[in-house]
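Go by the hints and put chain B onto chain A.
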Amino acid sequence: MGPTIVTEFTPWASLTGGALIGLSAVMVMALFGKIAGIAGITNGALGAVVPMGRAPSDRNWRIAFLAGLVAAPLVYALIGGTVQQTVSDNLVGMALAGFLVGLGTGIGSGCTSGHGVCGLARLSSRSLAAVLTFMASGIATVFVLRHVLGGF
Amino acid sequence: MRNFLGFVSGLIFGLGLVISGMSNPAKVLNFLDLAGAWDPSLAFVMGGAMLVTYLGYRLAWQRGRPLLSARFDLPCDRSVDRPLIVGAALFGIGWGIGGFCPGPAWTALPLLSSGILVFLPMMLVGLWLGSYGKNLSILASKGIVR
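Order-wise, the sequence lines are chains A and B. Heads up: the first sequence at position 28 corresponds to 28 in our numbering, and the numbers run straight through without jumps. Heads up: the second sequence at position 46 corresponds to 46 in our numbering, and the numbers run straight through without jumps.
So here's chain A without its partners, still in its complex pose (with noise of 0.2 Å):
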């Protein structure tokens, strides 16, 4: 959404931040024994707040979890990186995408990091056809909104 901002090819830093989210994924495997996906820790966390059930046994170390993801980009900016960060302001468009994006998770059972980091890293097939399907419905959506509605 939005105009289309051009991004730098950035192979390196991006290898940089991938091994980050794995080291920090066998962490919480070597640590806490879980999946570190972003949808179901949210979830966890989230009982603490949405009575949903079975209440999970150990959500304070999610909460933990969620507020070192929030303090990250201060820390970051704190020793001297610069956070780069184009959100788009159609309000309506990211109150859409924002109930998609938890909606699917929640069905879905997971997200990049649970299907994509850990669910490939475990060889879970069922992982595989997650992954397969989000990207192909991410970049469908985006060729549909970029190129067949001209722009948006």
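Honestly, the hints are just simulated from the structure, not real lab data. Heads up, some of the hints might be wrong.
[Stated by the list, open to error] Facing chain B, a subset of chain A residues (Cβ under 8 Å, in silico):
id, residue
1, Val26
2, Val28
3, Phe32
4, Arg59
5, Asn60
6, Trp61
7, Phe65
8, Tyr76
9, Leu103
10, Cys111
11, Val117
12, Phe134
13, His147
[As the list claims (entries may be wrong)] Chain A stretches covered by chain B per the calculated footprint, using a threshold of three residues with CB under 8 Å from any CB of chain B:
id, segment
14, 85-95
15, 122-132
16, 136-144
Since the model is a prediction, treat every value here as computed from it, not as a measurement. Ideal placement from N, C-alpha and C gives every residue a C-beta, glycine not left out.
Structure of chain B alone, referenced to chain A:
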């Protein structure tokens, strides 16, 4: 200690998202835009993350149990069922509209753009509805192995 280590894990994950460019919707949308301003960077994020996770998981599992928990809790469902595909398809559409998946949505919060202030609460509502609806109706797909 558990909460501190949870926080550190989240901080490292978030720094990974910020450094890799995954937390920038413009970069995500360009990755998905094969017919336009294609930016293949995010393939490197997935590659780096999967390589470290693949190797690290196997090291972690060798110990037999996690450091702070009784056992490894892994999904054992391997079935490709309707909720999985429908859910993943809906998620992909939302991802393609907004450029945010759940992790980057959290790291975007302190920057307080108007878009994320709408996106994140709607994501939480959708996540709650989706998880609740899935458990209500079709099938619970959680299990424990190892």
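Structure-based check of all given hints:
1. Val26: At 3 Å from the nearest chain B Cβ, Val26(A) passes the 8 Å test, so the hint holds.
2. Val28: holds (5 Å)
3. Phe32: With a minimum Cβ separation of about 5 Å from chain B (threshold 8 Å), the hint on Phe32(A) holds.
4. Arg59: violated (10 Å)
5. Asn60: Given a least distance of 5 Å, the restraint on Asn60(A) holds.
6. Trp61: holds (3 Å)
7. Phe65: Hint on Phe65(A): holds, closest Cβ of chain B at ~4 Å, below 8 Å.
8. Tyr76: holds (5 Å)
9. Leu103: holds (4 Å)
10. Cys111: holds (5 Å)
11. Val117: Cβ of Val117(A) sits 5 Å from chain B, so the hint holds.
12. Phe134: Cβ of Phe134(A) sits 4 Å from chain B, so the hint holds.
13. His147: Holds, because the Cβ-Cβ distance from His147(A) to chain B comes to roughly 6 Å (cut-off 8 Å).
14. 85-95: This one holds; 10 residues, not fewer than the three required, reach chain B with a Cβ under 8 Å.
15. 122-132: holds (count 7)
16. 136-144: Since 8 is at least three, the answer is holds.
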